[in-house]
Amino acid sequence: MNHLDISQIKEIIPHRHPFLLVDYIEDYEPGQYAVGYKCVTYREDFFAGHFPQEPVMPGVLTVEALAQVGAVAILSQEECKGKIAYFGGINKCKFKGKIVPGDKVRLETKIIKQKGPVGVGEATASVDGKTVVSAELTFMIG
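Counted from 1, the sequence shown has number 24 at position 24 by UniProt numbering; the numbering is strictly sequential.
To be clear, the hints were calculated from the coordinates, so they are not data collected in a lab. Treat each hint with caution, since some may be false.
[Unchecked claim] Derived CB-CB ranges, DEER-like:
#1 Ile6 <-> Pro101: 26 to 32 Å
#2 Pro52 <-> Asn91: 30 to 36 Å
#3 Gly82 <-> Ala48: 17 to 23 Å
#4 Glu78 <-> Gln53: 20 to 26 Å
#5 Asp27 <-> Ala48: 15 to 21 Å
#6 Gly82 <-> Gln53: 25 to 31 Å
#7 Pro52 <-> Gln32: 25 to 31 Å
[What the hints assert, rightly or not] List time: in silico DSBU-like cross-link candidates among lysine-lysine, alpha-carbon distance up to 30 Å:
#8 Lys83 <-> Lys10
#9 Lys115 <-> Lys83
#10 Lys81 <-> Lys115
#11 Lys94 <-> Lys104
#12 Lys113 <-> Lys10
#13 Lys83 <-> Lys104
#14 Lys98 <-> Lys81
#15 Lys10 <-> Lys130
#16 Lys94 <-> Lys110
#17 Lys98 <-> Lys115
#18 Lys96 <-> Lys113
#19 Lys98 <-> Lys10
#20 Lys83 <-> Lys94
#21 Lys130 <-> Lys104
#22 Lys130 <-> Lys94
#23 Lys110 <-> Lys96
#24 Lys94 <-> Lys115
#25 Lys130 <-> Lys98
#26 Lys92 <-> Lys104
#27 Lys104 <-> Lys10
#28 Lys96 <-> Lys81
#29 Lys81 <-> Lys130
#30 Lys115 <-> Lys10
#31 Lys10 <-> Lys81
#32 Lys92 <-> Lys10
#33 Lys130 <-> Lys83
#34 Lys92 <-> Lys81
#35 Lys110 <-> Lys83
#36 Lys10 <-> Lys94
#37 Lys110 <-> Lys10
#38 Lys92 <-> Lys130
Keep in mind it's a predicted model, so treat the numbers as computed, not measured. Backbone N, C-alpha and C define an ideal beta-carbon position, used for all residues, glycine too.
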């Protein structure tokens, strides 16, 4: 297994606090897949407004976290080092559950297609083995 800590993730993708949404990568294969985790705490900045009475991680940030894990998979390839992966599209996105403080979110993105600077990944976020978000993400490398 290829493990990455937060400092190693920051060497691959340009995101920084408060927008770096991956705490560690448990395993990855360059150009194939990455599995990462986000440990959600009550102190997340977004909980101040989403929603104070019932804190829920915004779905768009979960999709962003999945994209960051996919970016690790794509940008860890030798030919992509030092580049940035931008969103090219979000398809087939489904929200099936909530992410709340205390959750440890498993983020997995499998690269199913890559041609030149464009890649597509199947992404799934889960909590305690239950899928909470799934989507097909398109990346544009630049």
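Comparing the hints with the structure gives:
Separation of Ile6 from Pro101 is about 20 Å and departs from the stated range, judged on CB atoms against 26 to 32 Å. Separated by about 32 Å at the C-beta atoms, Pro52 and Asn91 satisfy the suggested range of 30 to 36 Å. Restraint check, Gly82 to Ala48: a C-beta distance of roughly 35 Å breaks the suggested window 17 to 23 Å. In this structure, Glu78 and Gln53 break the distance hint of 20 to 26 Å, their C-beta atoms being roughly 48 Å apart.
The beta-carbon spacing between Asp27 and Ala48, approximately 33 Å, falls outside the hinted interval of 15 to 21 Å. Taking the beta carbon of each, Gly82 and Gln53 are about 44 Å apart, not inside 25 to 31 Å as hinted. In this structure the hint that Pro52 and Gln32 lie 25 to 31 Å apart at CB is violated, the actual value being about 40 Å. A C-alpha spacing of about 13 Å is found between Lys83 and Lys10, which places the hinted pair at or below 30 Å, so the restraint holds.
Distance restraint check for Lys115 and Lys83: the Cα-Cα separation of roughly 16 Å lies within the 30 Å cut-off, and the hinted pair is therefore satisfied. Using a Cα cut-off of 30 Å, the hinted pair Lys81 and Lys115 holds, with the two alpha carbons roughly 16 Å apart. Of the pairs offered as hints, the one joining Lys94 and Lys104 holds, with about 19 Å between alpha carbons and a cut-off of 30 Å not exceeded. For the given pair, Lys113 sits about 24 Å from Lys10 by alpha-carbon distance, which is consistent with the 30 Å threshold.
This hinted pair checks out: Lys83 and Lys104 have alpha carbons roughly 29 Å apart, not beyond 30 Å. Restraint check for Lys98 and Lys81: the C-alpha separation of about 34 Å exceeds 30 Å, so the hint is violated. Between Lys10 and Lys130 the alpha-carbon distance is near 28 Å, which keeps this suggested pair within the 30 Å criterion. Restraint check for Lys94 and Lys110: the C-alpha separation of about 17 Å stays at or below 30 Å, so the hint holds.
Only pairs whose Cα atoms come within 30 Å are accepted, and Lys98 paired with Lys115 is rejected, the gap being roughly 34 Å. Between Lys96 and Lys113, the direct Cα distance comes to roughly 25 Å. Compliance with the 30 Å bound is thereby established for this hinted pair. In summary, the hint linking Lys98 to Lys10 is supported, as the alpha carbons are separated by about 27 Å, within the 30 Å threshold. A distance of roughly 29 Å separates the Cα atoms of Lys83 and Lys94; the hinted pair therefore holds under the 30 Å criterion.
Distance hint between Lys130 and Lys104 is fulfilled; the C-alpha atoms sit about 12 Å from each other, no more than 30 Å. Restraint check for Lys130 and Lys94: satisfied, since their Cα atoms lie roughly 13 Å apart, inside the 30 Å limit. With a C-alpha separation of about 19 Å, the suggested pairing of Lys110 with Lys96 holds against the 30 Å cut-off. A hinted pair counts as satisfied when its Cα atoms are at most 30 Å apart, and Lys94 with Lys115 qualifies at roughly 26 Å.
For the hint linking Lys130 to Lys98, the alpha-carbon distance of about 10 Å falls within 30 Å, and the restraint holds. Simply put, Lys92 and Lys104 have alpha-carbon atoms about 24 Å apart, close enough for the 30 Å limit, and the pair holds. Our distance criterion of 30 Å between C-alpha atoms is met by Lys104 and Lys10, whose separation comes to about 20 Å. As the CA atoms of Lys96 and Lys81 are separated by approximately 34 Å, the hinted pair breaks the 30 Å bound.
As the CA atoms of Lys81 and Lys130 are separated by approximately 33 Å, the hinted pair breaks the 30 Å bound. At roughly 25 Å between alpha-carbon atoms, Lys115 and Lys10 fall within 30 Å of each other, so this suggested pair holds. Pair hint Lys10 plus Lys81 holds up; C-alpha atoms about 12 Å apart against a cutoff of 30 Å. Taking the CA atoms of Lys92 and Lys10, the gap is about 29 Å. The hint holds against a cut of 30 Å.
A hinted pair counts as satisfied when its Cα atoms are at most 30 Å apart, and Lys130 with Lys83 does not qualify at roughly 33 Å. As the CA atoms of Lys92 and Lys81 are separated by approximately 29 Å, the hinted pair is consistent with the 30 Å bound. Between the alpha carbons of Lys110 and Lys83 the distance comes to roughly 19 Å, so the proposed pair stays at or under 30 Å and holds. For the hint linking Lys10 to Lys94, the alpha-carbon distance of about 28 Å falls within 30 Å, and the restraint holds.
Of the supplied pair hints, the one linking Lys110 and Lys10 holds, its CA atoms being roughly 20 Å apart against a limit of 30 Å. As the CA atoms of Lys92 and Lys130 are separated by approximately 18 Å, the hinted pair is consistent with the 30 Å bound.
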